[in-house]
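**Q** Chain by chain, the residues run as shown.
Protein chains: 2
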Amino acid sequence: MNTIAKTIEWVDGSLRIVDQVRLPLELLYLELKDYRAVIEAIKTLAVRGAPAIGIAGAYAVALAVKEALLLSVDEREDFVRRALEEIEGARPTAVNLSYAVQIQRVIVEGVDVDDVLFARLVDSAGEVHERDKMMCQAIGVNGAELVGQGATALTICNAGALATGGIGTALGVLYVAHEQGKLKRVFSCETRPLLQGSRLTCWELGQAGIDVTLIVDSVAGTLMKSGQVDFVIVGADRIASNGDTANKIGTYNLAVLAEAHGIPFYVAAPETTFDRTLERLPEKIIEERSPEEVTCGFGKRTAPEGVRVYSPAFDITPSELISAFVTDLGVTAGGRGL
Amino acid sequence: MNTIAKTIEWVDGSLRIVDQVRLPLELLYLELKDYRAVIEAIKTLAVRGAPAIGIAGAYAVALAVKEALLLSVDEREDFVRRALEEIEGARPTAVNLSYAVQIQRVIVEGVDVDDVLFARLVDSAGEVHERDKMMCQAIGVNGAELVGQGATALTICNAGALATGGIGTALGVLYVAHEQGKLKRVFSCETRPLLQGSRLTCWELGQAGIDVTLIVDSVAGTLMKSGQVDFVIVGADRIASNGDTANKIGTYNLAVLAEAHGIPFYVAAPETTFDRTLERLPEKIIEERSPEEVTCGFGKRTAPEGVRVYSPAFDITPSELISAFVTDLGVTAGGRGL
Numbered sequence: 003m004n005t006i007a008k009t010i011e012w013v014d015g016s017l018r019i020v021d022q023v024r025l026p027l028e029l030l031y032l033e034l035k036d037y038r039a040v041i042e043a044i045k046t047l048a049v050r051g052a053p054a055i056g057i058a059g060a061y062a063v064a065l066a067v068k069e070a071l072l073l074s075v076d077e078r079e080d081f082v083r084r085a086l087e088e089i090e091g092a093r094p095t096a097v098n099l100s101y102a103v104q105i106q107r108v109i110v111e112g113v114d115v116d117d118v119l120f121a122r123l124v125d126s127a128g129e130v131h132e133r134d135k136m137m138c139q140a141i142g143v144n145g146a147e148l149v150g151q152g153a154t155a156l157t158i159c160n161a162g163a164l165a166t167g168g169i170g171t172a173l174g175v176l177y178v179a180h181e182q183g184k185l186k187r188v189f190s191c192e193t194r195p196l197l198q199g200s201r202l203t204c205w206e207l208g209q210a211g212i213d214v215t216l217i218v219d220s221v222a223g224t225l226m227k228s229g230q231v232d233f234v235i236v237g238a239d240r241i242a243s244n245g246d247t248a249n250k251i252g253t254y255n256l257a258v259l260a261e262a263h264g265i266p267f268y269v270a271a272p273e274t275t276f277d278r279t280l281e282r283l284p285e286k287i288i289e290e291r292s293p294e295e296v297t298c299g300f301g302k303r304t305a306p307e308g309v310r311v312y313s314p315a316f317d318i319t320p321s322e323l324i325s326a327f328v329t330d331l332g333v334t335a336g337g338r339g340l
Numbered sequence: 003m004n005t006i007a008k009t010i011e012w013v014d015g016s017l018r019i020v021d022q023v024r025l026p027l028e029l030l031y032l033e034l035k036d037y038r039a040v041i042e043a044i045k046t047l048a049v050r051g052a053p054a055i056g057i058a059g060a061y062a063v064a065l066a067v068k069e070a071l072l073l074s075v076d077e078r079e080d081f082v083r084r085a086l087e088e089i090e091g092a093r094p095t096a097v098n099l100s101y102a103v104q105i106q107r108v109i110v111e112g113v114d115v116d117d118v119l120f121a122r123l124v125d126s127a128g129e130v131h132e133r134d135k136m137m138c139q140a141i142g143v144n145g146a147e148l149v150g151q152g153a154t155a156l157t158i159c160n161a162g163a164l165a166t167g168g169i170g171t172a173l174g175v176l177y178v179a180h181e182q183g184k185l186k187r188v189f190s191c192e193t194r195p196l197l198q199g200s201r202l203t204c205w206e207l208g209q210a211g212i213d214v215t216l217i218v219d220s221v222a223g224t225l226m227k228s229g230q231v232d233f234v235i236v237g238a239d240r241i242a243s244n245g246d247t248a249n250k251i252g253t254y255n256l257a258v259l260a261e262a263h264g265i266p267f268y269v270a271a272p273e274t275t276f277d278r279t280l281e282r283l284p285e286k287i288i289e290e291r292s293p294e295e296v297t298c299g300f301g302k303r304t305a306p307e308g309v310r311v312y313s314p315a316f317d318i319t320p321s322e323l324i325s326a327f328v329t330d331l332g333v334t335a336g337g338r339g340l
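Chains R and W are the protein sequences, given in the same order. Going by the numbering used here, the first sequence opens with residue 3, and the numbers climb by one from there. Going by the numbering used here, the second sequence opens with residue 3, and the numbers climb by one from there.
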C-alpha cells in the first residue's frame with residue numbers, strides 16, 4: 003500500500019505540516035518554528051480541518067513556551083498568556099482549537115515557565131495528536147464493516163488524513179476498506195465553491211493508491227442512477243441528539259439522491275461530534291461564505307458584477323436520510339435504518 | 003421593463019451578434035461581415051445555443067453569396083457550394099445548424115448566384131429567425147400560465163435569449179411571467195463545469211431587471227428544503243416519445259430533488275425538440291466533456307495531474323419526474339402529472 007499523507011508531525015522541536023494551499027500542484031512541507039508561524043498557517047488554510055487545527059494549536063502552545071525561555075524570567079508568564087490568547091483566536095469557530103488550547107492552559111497555569119513545562123506541553127500535544135489518530139483508526143475499522151466486497155463509494159469535501167491527525171473519518175473508512183481489499187473505486191465530488199474534493203480528496207486518495215474519479219457535484223444523481231455507486235460516505239461538522247447532521251454544502255443533496263436510488267448513506271465522525279446539548283440543529287447555525295468564492299473563485303470573474311449570491315457553507319441532513327453513523331465507538335443506525 | 007439581449011441581428015448587410023465569450027464582463031457585439039467570421043464565431047462559442055447557431059448559419063449562407071458576387075460568374079457556384087459545406091460543418095452536432103443550412107441550400111440550388119438570390123437568402127434567414135422568435139414567445143406565454151403570483155423559480159444552464167433568436171425557452175417563461183408581474187425571484191444554478199448559469203443566465207436576467215440569485219449547484223436541495231423555491235424550470239436538448247428528457251448535466255439532480263420536496267418540475271422547449279423517432283433516450287447518447295473543464299476550468303489547475311474525471315455533458319430525466327412540458331403548442335402533463 004502507498005502512503006497516506008502525514009498532515010502534521012513534530013520533528014526536532016518544530017512542527018512540520020503539509021502546505022495544503024499548494025496542493026494538489028505540489029507536496030511541500032512547512033517547518034513552523036514559532037507559534038506565530040502556526041497561527042499564520044491556520045489563517046491561510048495551509049492547515050485545515052477542525053481536528054488538524056486543534057493538534058496544530060496544541061503544539062503552538064509548546065512553541066510559545068520554548069520562545070519564552072529566551073526572555074528574562076519576569077517576562078515569560080505574560081508572553082505565554084498572550085500567546086495562548088492569540089493561538090485560541092486564530093480561528094474562533096474551530097471548536098477543536100479552543101478545546102486543545104484549553105488542555106494546554108491547564109498545564110501552564112500556576113507553574114514556572116521552564117524546560118520541564120516545555121517538555122510536558124510537547125507530550126500533551128502529542129497525546130492530543132495520538133488520540134485523534136486512534137479515533138480515526140477506530141472509525142475506519144468500524145466503518146469498513148459496512149463496505150461490501152468490490153464496493154464503489156461516493157464522497158464529498160475532504161474528511162481525510164489532510165483534515166485530521168490520522169487517516170481521516172469518511173476517508174478513514176475508505177483507507178481501511180482498501181487495505182482489506184474490499185474497496186473497488188471512489189468517486190469524489192469536486193465540492194464547490196472551494197473544491198476540497200478535487201484539490202484534496204483526489205490528491206490524498208491518489209497518493210494512497212486508491213482508484214479515484216473526480217466528478218462535478220451535479221453528476222452525482224446520474225452516477226447513482228447508472229448503478230455505479232454502492233454507498234455514500236461523508237464526514238460531519240456537528241450532529242444533534244436527534245441525528246440531524248451539519249456538514250459541507252452538498253451533503254443534503256447527496257442524502258436525498260441516495261435515498262431516491264436506494265443507496266446507503268453513512269456519516270463518519272468521532273463520537274465527540276455529537277452535540278448532546280442540542281436536541282436538533284437550528285437552520286440558523288449555517289454561516290454564509292463570501293460571494294467572491296462563487297463569482298470569481300478561480301482567479302477569473304465568472305458572474306456579472308453585483309449579482310446576488312446565496313452561498314451557505316453547510317447544510318443539514320435530517321437523520322431520516324442517514325442509514326448509519328460510524329464513530330470511534332461503533333456503528334449505530336440512523337433514522338433511515340441500516 | 004428593461005431590455006432582453008438581442009443575441010443576433012441582421013444590420014446593414016452584416017450579422018451583429020453578442021460576443022458571449024466576453025460575457026458577463028462586458029457586453030460587446032461582433033459585426034460578422036463574411037461567412038468565415040460566422041463560422042469562427044460558432045467555433046469559439048461567441049454564439050451558442052442550438053437555435054441561435056441555426057439562425058447564424060442561415061445568415062452565413064447569405065453572406066457567402068454576397069461575397070461570391072465579387073467573383074467572376076464562372077466561379078460563383080463553386081464558391082457558394084464550398085461555403086455551404088464549411089458552414090454546415092462548423093458544429094456538426096448542432097441539429098438546428100444543419101437544418102437551417104438545408105433550408106438555404108434548397109433556395110440556392112439550380113439558380114443563378116446574383117443579387118436576387120442574395121436578397122431571397124436574407125429573407126429566408128430572417129424567416130428562420132422570426133420563426134424561432136415566435137416559438138420562444140409562444141413557449142413563454144404558455145408557460146407563464148403555470149406561474150403563480152409571487153412565485154420563485156429555480157433554473158439551470160442558459161435556456162434564454164442568449165441561446166435563441168427570441169426570449170428563450172425556460173427563461174422565456176420567466177420573462178413573460180415577470181412582465182405579467184407574477185415572478186418574484188429566480189435562483190440560477192451556476193452549472194458546472196462551464197458555468198452557463200453564472201456567466202449567462204445571471205447576466206441576461208439581470209439585464210431584464212429580474213431579481214436573480216446565483217447558487218452553486220449543490221445548494222439546490224437545501225434551498226428547496228427551506229421553502230424558497232416554488233417551481234423548477236429547465237430547457238431540453240432532446241425529448242423522446244416517452245417524455246424522457248436529455249438536458250445539461252445537473253438537470254436530473256434537480257428533478258429528483260424537486261420531487262422529494264413536492265415542487266413542480268417543468269421542461270420548456272419547442273415542439274421540434276421532441277424526437278418522435280426515439281421511443282426512449284439511450285444513455286449512450288451522452289457525450290463526455292473534456293476533463294480539463296473540471297480540473298483546470300478557469301486557467302488554474304485545481305485537481306491533481308492525471309486524475310480520472312467523469313464529466314458527462316448531459317443527463318436524462320425520466321418523464322416520471324417531470325410535472326409538465328411547455329412547448330410552443332401548449333402545456334402537456336409529464337409522467338409526474340400536473
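Treat each hint with caution, since some may be false.
It does not matter which identical chain is meant; a pair holds if it fits inside one copy or across any two.
Said to hold, decoys possible - Distance condition first, Cα-Cα at most 30 angstroms in a straight line; then the derived DSS-like pairs of lysine-lysine:
id, residue 1, residue 2
1, K302, K45
2, K302, K184
3, K68, K302
4, K135, K184
5, K45, K135
6, K184, K68
7, K35, K68
8, K45, K227
9, K45, K68
10, K184, K8
11, K8, K302
12, K35, K227
13, K45, K184
14, K302, K135
15, K68, K8
16, K8, K227
Hint data in this document are derived by calculation from the structure and do not stem from the laboratory. Since the structure is predicted, the reported quantities are computational estimates derived from the model, not experimental observations.
**Q** For every hint, state whether the structure bears it out.
**A** Against the structure, the hints come out as follows:
| no. | hint | in the structure |
| --- | --- | --- |
| 1 | K302 / K45 | both (23 angstroms within a copy, 22 angstroms between copies) |
| 2 | K302 / K184 | neither (42 angstroms within a copy, 35 angstroms between copies) |
| 3 | K68 / K302 | neither (43 angstroms within a copy, 40 angstroms between copies) |
| 4 | K135 / K184 | within (22 angstroms within a copy, 56 angstroms between copies) |
| 5 | K45 / K135 | within (23 angstroms within a copy, 53 angstroms between copies) |
| 6 | K184 / K68 | neither (46 angstroms within a copy, 67 angstroms between copies) |
| 7 | K35 / K68 | within (10 angstroms within a copy, 74 angstroms between copies) |
| 8 | K45 / K227 | neither (40 angstroms within a copy, 33 angstroms between copies) |
| 9 | K45 / K68 | within (22 angstroms within a copy, 63 angstroms between copies) |
| 10 | K184 / K8 | within (24 angstroms within a copy, 56 angstroms between copies) |
| 11 | K8 / K302 | between (32 angstroms within a copy, 26 angstroms between copies) |
| 12 | K35 / K227 | neither (51 angstroms within a copy, 47 angstroms between copies) |
| 13 | K45 / K184 | neither (38 angstroms within a copy, 46 angstroms between copies) |
| 14 | K302 / K135 | neither (39 angstroms within a copy, 33 angstroms between copies) |
| 15 | K68 / K8 | within (24 angstroms within a copy, 68 angstroms between copies) |
| 16 | K8 / K227 | neither (36 angstroms within a copy, 39 angstroms between copies) |
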